[in-house]
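Numbers 1 to 217, taken from UniProt numbering, label the letters of the sequence shown in order.
Misleading hints may appear alongside valid ones.
Capping the alpha-carbon separation at 30 Å, the derived lysine-lysine pairs in DSSO-like fashion look like this [to be verified]:
1) K134 <-> K77
2) K134 <-> K192
3) K193 <-> K134
Derived by calculation from the structure, the hints in this document are not laboratory data.
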Amino acid sequence: MRQVQIETPHGDVAGTIDGDLGGSRVPILFAHGAGLGQHHDWMVAVRSRMVDRGHLVMTFDYLYMHEGRRAPDRLPKLLDVHEAAARFFEGVAGQMILVGKSMGGRVGSHLVADRRRPALGLVYMGYPLVAMGKTEPRDIDHLLEIDDPQLFISGTRDRMGPMESIASVAGSVPRGTAVFIDDGDHSLVPRKKSGRTLDENLDVACDAIGTWTAENL
Numbered sequence: 001m002r003q004v005q006i007e008t009p010h011g012d013v014a015g016t017i018d019g020d021l022g023g024s025r026v027p028i029l030f031a032h033g034a035g036l037g038q039h040h041d042w043m044v045a046v047r048s049r050m051v052d053r054g055h056l057v058m059t060f061d062y063l064y065m066h067e068g069r070r071a072p073d074r075l076p077k078l079l080d081v082h083e084a085a086a087r088f089f090e091g092v093a094g095q096m097i098l099v100g101k102s103m104g105g106r107v108g109s110h111l112v113a114d115r116r117r118p119a120l121g122l123v124y125m126g127y128p129l130v131a132m133g134k135t136e137p138r139d140i141d142h143l144l145e146i147d148d149p150q151l152f153i154s155g156t157r158d159r160m161g162p163m164e165s166i167a168s169v170a171g172s173v174p175r176g177t178a179v180f181i182d183d184g185d186h187s188l189v190p191r192k193k194s195g196r197t198l199d200e201n202l203d204v205a206c207d208a209i210g211t212w213t214a215e216n217l
């Protein structure tokens, strides 16, 4: 594992590269969600699982997180930082898939659709179809423009990505797949009464990414 500095138009941000550069699996650029940075336990748990499965993984912090601010930057600045991270990682590992938790996945989708950033595929771990505190879903027109494979991983109790809505979106995009994690919320956390654990749900999610990459890339 090594720490790196990524130059962006708005200042440097920190990144972490973990895994074997010569690994046989596709490299992953993994973006965090709105409320947790790259070093949060959830992000580390997923990154470690994907490294164990043979992927080279890079995480990074968006500028607001790097600077210790709570509120995310507006989309253009998020895109600038995400694009800089993708460019940096491309220089290290070549072509990659873009994986993101919630907001990080949504920004990745705009990076491909709006800025035509090349990616082998996109994985959304809890796509935030319905914004926090809202009832109407976000516009998904940009997702329909993406020809690369898209994998939607969602908990069956995710209020920001209701099962029926996510299934519909995955069925509408050119190369979409949906995987639903039993009793998971927006972070795939199950209820205690379900008898499941977060570790189990993360294992299922990461196994799904492995299967999807083998079948689609």
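For each hint, the structure was consulted:
1. K134 <-> K77: With Cα atoms ~23 Å apart, K134 and K77 stay inside 30 Å; holds.
2. K134 <-> K192: Judged against 30 Å, a Cα distance of about 27 Å means the pair holds.
3. K193 <-> K134: With Cα atoms ~28 Å apart, K193 and K134 stay inside 30 Å; holds.
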